[in-house]
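Enquirer: If you want the building blocks of each chain, they are given just below.
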Amino acid sequence: MEEKAIRVENVHKSYSSTVALDGISFEVSKGSIHGFLGPNGAGKSTTMKIITNELTLCSGEVFVDSNRPIGFLPEIPPLYKHMVVEEFLQFVKNIFESQVDLSGILEKCGIDNVKGRLIGNLSKGYQQRVGIAQALIVDPEIIILDEPTVGLDPHAIKEIRELILSLKKDHTILFSTHQLYEASNLCDEVTIINRGKILKTGKIEDVKRDLVTGEIFLIELDSRLSDEDCEECEKEFNVEIIRKETELRITSKGNEDLRGRINRFLLDRNYIVSSLKIEEMDLEQIFEQVTSEKNV
Amino acid sequence: MFNIYKRELKEALSSPLFYILCAIFIGITGWIFYYRVLASKEFVGSSLTSNVLIPLFGMISSLFMFLTPLLTMNSFVEEKRCGTLDLLMRSKVGLWNIIIGKYLSHITQIIFMLILSLMFPMILMFSGYSDWGIVLSAYLGLILNISTYVLIGMFASSISGNQIVSGFISFSMIFGVLLLNLAANSTNNFIVGQLLSYLNNNSHFVHFVQGDLRSFSFVYFLSFIGLFMMFINKSLNSRRW
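Protein chains in written order, with the working numbering: chain A, 454 to 749; chain B, 619 to 859.
One should not assume that every hint holds.
[Said to hold, decoys possible] Simulated crosslink set (DSSO-like; lysine-lysine; CA at most 30 Å straight-line):
| no. | chain 1 | residue 1 | chain 2 | residue 2 |
| --- | --- | --- | --- | --- |
| 1 | B | Lys628 | A | Lys561 |
| 2 | A | Lys483 | A | Lys656 |
| 3 | A | Lys546 | B | Lys624 |
| 4 | A | Lys568 | B | Lys852 |
| 5 | A | Lys621 | B | Lys710 |
| 6 | B | Lys852 | A | Lys483 |
| 7 | A | Lys546 | A | Lys561 |
| 8 | B | Lys710 | A | Lys561 |
| 9 | A | Lys483 | A | Lys457 |
| 10 | A | Lys534 | B | Lys710 |
| 11 | B | Lys698 | A | Lys577 |
| 12 | A | Lys568 | B | Lys710 |
| 13 | A | Lys534 | B | Lys698 |
| 14 | A | Lys534 | B | Lys852 |
| 15 | B | Lys628 | A | Lys577 |
| 16 | B | Lys628 | A | Lys534 |
| 17 | A | Lys730 | B | Lys628 |
| 18 | A | Lys730 | A | Lys656 |
| 19 | B | Lys628 | A | Lys546 |
| 20 | A | Lys577 | B | Lys852 |
| 21 | B | Lys852 | A | Lys561 |
| 22 | B | Lys698 | A | Lys561 |
| 23 | B | Lys710 | A | Lys622 |
| 24 | A | Lys457 | B | Lys710 |
| 25 | B | Lys659 | A | Lys546 |
| 26 | B | Lys624 | A | Lys568 |
| 27 | A | Lys546 | B | Lys852 |
| 28 | A | Lys483 | A | Lys561 |
| 29 | B | Lys624 | B | Lys698 |
| 30 | B | Lys698 | B | Lys710 |
| 31 | A | Lys568 | B | Lys698 |
| 32 | A | Lys534 | B | Lys659 |
| 33 | A | Lys577 | B | Lys710 |
| 34 | A | Lys457 | A | Lys568 |
[To be verified] Over the 12 Å line for every Cβ pair with chain B, so calculated as not near, a few chain A residues:
| no. | residue |
| --- | --- |
| 35 | Gly494 |
| 36 | Glu507 |
| 37 | His535 |
| 38 | Lys621 |
| 39 | Lys650 |
| 40 | Cys683 |
Since the hints were derived computationally from the structure, they do not count as laboratory data. Bear in mind that the values here come from a model prediction, so they are computed numbers and not experimental data. No residue lacks a Cβ here, since even glycine has one placed at the ideal position from N, Cα and C.
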């Protein structure tokens with residue numbers, strides 16, 4: 454069985470009359486990148502603050518399997534704008550009584566060249582890097598990042614994403630995001646939360662497998678599929694076909710691979726298939742499906 | 619604690635607000651001193667202490683009723699806004715050390731300002747003034763008295779999310795404590811009067827200015843400091859709820 458770095462069990466949290474978390478449970482495996490997905494106000498930040506002990510929970514339990522402090526980057530990076538980068542990181546290192554090498558962190562986060570500058574004068578991308586550096590300087594085993602790429606330009610997003618990937622070697626990472634393709638590119642595991650409830654959690658492939666029934670084929674023909682052939686194909690293979698000029702989008706209802714049979718069917722009717730591919734259901738669609746009203 | 623103290627003090631000393639407040643403070647006290655020295659010529663048979671220094675120290679204490687909220691209003695507000703307070707609270711420093719570190723930093727700033735005012739007794743020294751016991755006792759009183767203002771300001775900053783509101787709350791609370799004196803004077807009941815007078819910081823400060831150190835005044839100031847530190851601790855802890 455895989456070792457777990459964080460285990461959240463049946464956690465409830467309410468602020469006066471508002472229920473923020475309604476009995477959530479999920480696990481983060483050691484050495485994984487765990488994506489925490491959900492719309493605004495879903496309870497992502499509250500969960501992260503509870504794990505880092507910034508907030509107390511009303512009931513339930515949180516187990517963190519690490520003796521070292523958790524490195525946490527909140528949505529707004531906690532930075533003293535009037536301090537110089539190096540001085541700030543030294544301050545954080547001192548208050549966490551960390552023994553980690555400061556110059557190594559500066560280099561890893563790519564802020565070596567701005568270490569002598571005032572934090573307030575840095576661009577948002579660099580400030581975010583300093584935020585990640587303050588999470589690393591505490592010498593953590595577990596790193597929690599709350600929307601680390603929000604509000605950054607595409608170039609900075611790419612760099613931060615690479616930085617997160619490079620951290621995977623030595624750390625367990627839990628991070629929340631709105632950008633779902635980011636989660637599908639980076640994460641090994643994913644948890645989807647909405648309105649304080651966990652909708653799906655587990656390995657990214659398992660979550661996809663649970664949700665996807667049938668397959669989607671995208672076929673491009675040399676000419677438009679006639680109405681009769683379309684109807685016949687739908688009946689014969691029990692599929693749903695959407696035609697757009699010479700392109701077909703075929704959704705099967707079972708798990709059988711129909712590619713070969715459909716290809717033969719089309720060739721028999723003198724259509725030339727110029728391309729045929731399976732459309733993977735991406736996280737975007739999964740997210741839409743599980744957070745849609747009927748699934749809540 | 620020392621890390622917090624050092625950082626706070628460095629930030630305060632690099633901000634123009636501190637120097638502006640120093641200039642205002644020394645300008646007003648300098649003018650009062652000059653006025654009192656000139657006026658003292660008219661009094662015959664009374665000392666420089668009662669004519670110049672006692673009113674001057676009284677004035678300094680009153681002046682800090684306005685200056686302290688300006689110094690402390692940002693104590694926790696900015697940290698809350700930037701999320702750095704949560705960073706400090708997650709660290710190994712501990713809440714008490716955060717509060718004490720910030721308190722000592724504010725007191726150090728106040729001491730810097732008070733050191734500037736030392737020039738007035740020193741000017742008098744050149745004219746033969748030598749009653750340094752009273753001067754020391756008055757400065758001790760000032761530090762303890764202004765400590766209460768600092769803690770009220772820090773508490774106001776810990777409960778509000780805006781520095782203007784924080785400054786306003788702390789000034790109102792300082793003024794509220796001052797009003798206890800009026801209430802003490804206007805009551806007919808002796809015990810209630812004594813009680814209200816004991817709760818007012820100025821009635822204790824007056825003893826210090828006269829060189830009259832009383833143990834109950836120390837008990838009052840230390841209790842006040844302890845109580846407000848506990849209030850700040852509770853207020854900051856409530857962020858976790």
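Enquirer: Determine for every hint whether it applies to the structure shown.
Expert: Here is what the structure says about each hint:
1. For a cut-off of 30 Å, the pair hint linking Lys628/B to Lys561/A stands: about 28 Å separates their Cα positions.
2. A hinted pair counts as satisfied when its Cα atoms are at most 30 Å apart, and Lys483/A with Lys656/A qualifies at roughly 13 Å.
3. Annotation: proposed proximity of Lys546/A to Lys624/B holds, straight-line Cα distance about 14 Å (limit 30 Å).
4. Of the pairs offered as hints, the one joining Lys568/A and Lys852/B is violated, with about 37 Å between alpha carbons and a cut-off of 30 Å exceeded.
5. For the given pair, Lys621/A sits about 26 Å from Lys710/B by alpha-carbon distance, which is consistent with the 30 Å threshold.
6. For the given pair, Lys852/B sits about 36 Å from Lys483/A by alpha-carbon distance, which is inconsistent with the 30 Å threshold.
7. About 16 Å separates the Cα atoms of Lys546/A and Lys561/A, which keeps this hinted pair within 30 Å; it holds.
8. Restraint check for Lys710/B and Lys561/A: satisfied, since their Cα atoms lie roughly 24 Å apart, inside the 30 Å limit.
9. Between the alpha carbons of Lys483/A and Lys457/A the distance comes to roughly 5 Å, so the proposed pair stays at or under 30 Å and holds.
10. Between the alpha carbons of Lys534/A and Lys710/B the distance comes to roughly 22 Å, so the proposed pair stays at or under 30 Å and holds.
11. Using a Cα cut-off of 30 Å, the hinted pair Lys698/B and Lys577/A holds, with the two alpha carbons roughly 20 Å apart.
12. Between Lys568/A and Lys710/B the CA atoms are separated by roughly 24 Å; this keeps the pair inside 30 Å, and the hint holds.
13. Between Lys534/A and Lys698/B the CA atoms are separated by roughly 13 Å; this keeps the pair inside 30 Å, and the hint holds.
14. Taken as a hint, the Lys534/A and Lys852/B pair is honoured in the structure, with Cα atoms around 27 Å apart against an allowance of 30 Å.
15. For a cut-off of 30 Å, the pair hint linking Lys628/B to Lys577/A stands: about 25 Å separates their Cα positions.
16. This hinted pair checks out: Lys628/B and Lys534/A have alpha carbons roughly 13 Å apart, not beyond 30 Å.
17. A distance of roughly 63 Å separates the Cα atoms of Lys730/A and Lys628/B; the hinted pair therefore is violated under the 30 Å criterion.
18. For the hint linking Lys730/A to Lys656/A, the alpha-carbon distance of about 25 Å falls within 30 Å, and the restraint holds.
19. With a CA separation close to 18 Å, the supplied pair Lys628/B and Lys546/A stays within the 30 Å bound.
20. The hinted pair formed by Lys577/A and Lys852/B fails the criterion: a straight-line CA distance of about 34 Å is larger than 30 Å.
21. Our distance criterion of 30 Å between C-alpha atoms is broken by Lys852/B and Lys561/A, whose separation comes to about 39 Å.
22. Distance restraint check for Lys698/B and Lys561/A: the Cα-Cα separation of roughly 29 Å lies within the 30 Å cut-off, and the hinted pair is therefore satisfied.
23. Taking the CA atoms of Lys710/B and Lys622/A, the gap is about 26 Å. The hint holds against a cut of 30 Å.
24. Distance check on the hinted pair: Lys457/A and Lys710/B sit about 25 Å apart at the alpha-carbon level, within 30 Å; holds.
25. A hinted pair counts as satisfied when its Cα atoms are at most 30 Å apart, and Lys659/B with Lys546/A does not qualify at roughly 60 Å.
26. For a cut-off of 30 Å, the pair hint linking Lys624/B to Lys568/A stands: about 20 Å separates their Cα positions.
27. Under the criterion of a C-alpha separation no larger than 30 Å, the hint pairing Lys546/A with Lys852/B is consistent with the structure, at around 26 Å.
28. Of the supplied pair hints, the one linking Lys483/A and Lys561/A holds, its CA atoms being roughly 22 Å apart against a limit of 30 Å.
29. A distance of roughly 19 Å separates the Cα atoms of Lys624/B and Lys698/B; the hinted pair therefore holds under the 30 Å criterion.
30. Restraint check for Lys698/B and Lys710/B: satisfied, since their Cα atoms lie roughly 18 Å apart, inside the 30 Å limit.
31. At most 30 Å may separate the alpha-carbon atoms for a hinted pair to count; Lys568/A and Lys698/B meet this at roughly 25 Å.
32. As the CA atoms of Lys534/A and Lys659/B are separated by approximately 53 Å, the hinted pair breaks the 30 Å bound.
33. Distance hint between Lys577/A and Lys710/B is fulfilled; the C-alpha atoms sit about 28 Å from each other, no more than 30 Å.
34. For the hint pairing Lys457/A with Lys568/A, the CA-to-CA distance comes to about 36 Å; that exceeds 30 Å, so the pair is violated.
35. No beta-carbon of chain B is positioned within 12 Å of the beta-carbon of Gly494/A; the least distance is around 19 Å.
36. With a minimum CB-CB distance of about 5 Å to chain B, Glu507/A fails to clear the 12 Å threshold, and the non-interface call is violated.
37. Listed as outside the interface, His535/A is inconsistent with that label: its C-beta sits roughly 6 Å from the nearest C-beta of chain B, within the 12 Å cut-off.
38. Residue-level check passed: Lys621/A sits 23 Å from the nearest beta carbon of chain B, beyond 12 Å.
39. Every Cβ of chain B is farther than 12 Å from the Cβ of Lys650/A; the closest lies at roughly 22 Å, confirming the non-interface assignment.
40. With a least beta-carbon separation of about 58 Å from chain B, Cys683/A lies farther than 12 Å from that chain, consistent with its non-interface assignment.
Going through the hint list in order, the structure does not satisfy hints 4, 6, 17, 20, 21, 25, 32, 34, 36 and 37.
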